[in-house]
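*Asks:* Sequence:
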Amino acid sequence: MELAIDTSSNIASTALSHKGELLSELTWQSTYNHT
1 MELAIDTSSN IASTALSHKG ELLSELTWQS TYNHT
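Following UniProt numbering, the numbering of the sequence shown begins with 1 at its first residue and continues without gaps.
Bear in mind the hints are in silico, worked out from the structure with no lab data behind them.
What follows is a list of derived Cβ distance ranges for each label pair:
(1) 3 <-> 33: 18 to 24 Å
(2) 32 <-> 4: 16 to 22 Å
(3) 1 <-> 27: 15 to 21 Å
(4) 1 <-> 31: 26 to 32 Å
(5) 30 <-> 3: 15 to 21 Å
(6) 31 <-> 2: 24 to 30 Å
We treat Cβ as the ideally placed atom computed from N, Cα and C, and that holds for glycine.
With the hints as constraints, model all of the structure from the sequences given.
*Replies:* See the structure below:
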(Lines of atoms letter the chains of each structure in order from A and count residues from 1; the text may use other names and numbers.)
(Lines give C-alpha, C1' and ligand atoms only; values in the text may rest on other atoms or scores of the structure.)
Protein backbone atom coordinates (compact mmCIF):
# COMPACT_ATOMS: atom_id res chain seq x y z
CA MET A 1 0.00 0.00 0.00
CA GLU A 2 1.30 3.45 -0.91
CA LEU A 3 0.34 6.90 0.33
CA ALA A 4 1.23 9.94 -1.81
CA ILE A 5 1.08 13.51 -0.48
CA ASP A 6 1.70 16.63 -2.59
CA THR A 7 1.87 20.01 -0.84
CA SER A 8 4.28 21.76 -3.24
CA SER A 9 1.77 24.37 -4.41
CA ASN A 10 -1.51 25.86 -3.25
CA ILE A 11 -3.27 22.81 -4.74
CA ALA A 12 -2.68 20.01 -2.22
CA SER A 13 -3.54 16.37 -2.75
CA THR A 14 -3.31 12.92 -1.23
CA ALA A 15 -3.69 9.55 -2.91
CA LEU A 16 -3.87 5.99 -1.64
CA SER A 17 -3.03 3.03 -3.87
CA HIS A 18 -2.49 -0.69 -3.53
CA LYS A 19 -0.56 -2.82 -6.04
CA GLY A 20 -0.78 -0.05 -8.64
CA GLU A 21 -4.55 0.45 -8.27
CA LEU A 22 -5.76 3.88 -7.14
CA LEU A 23 -8.07 3.46 -4.16
CA SER A 24 -8.71 7.06 -3.15
CA GLU A 25 -7.67 10.57 -4.13
CA LEU A 26 -8.41 13.91 -2.49
CA THR A 27 -7.44 17.34 -3.85
CA TRP A 28 -8.15 20.77 -2.40
CA GLN A 29 -7.04 24.37 -2.79
CA SER A 30 -5.13 25.88 0.09
CA THR A 31 -4.46 29.52 0.90
CA TYR A 32 -0.72 28.93 1.34
CA ASN A 33 2.03 26.76 -0.12
CA HIS A 34 3.82 24.32 2.17
CA THR A 35 7.59 24.83 2.22
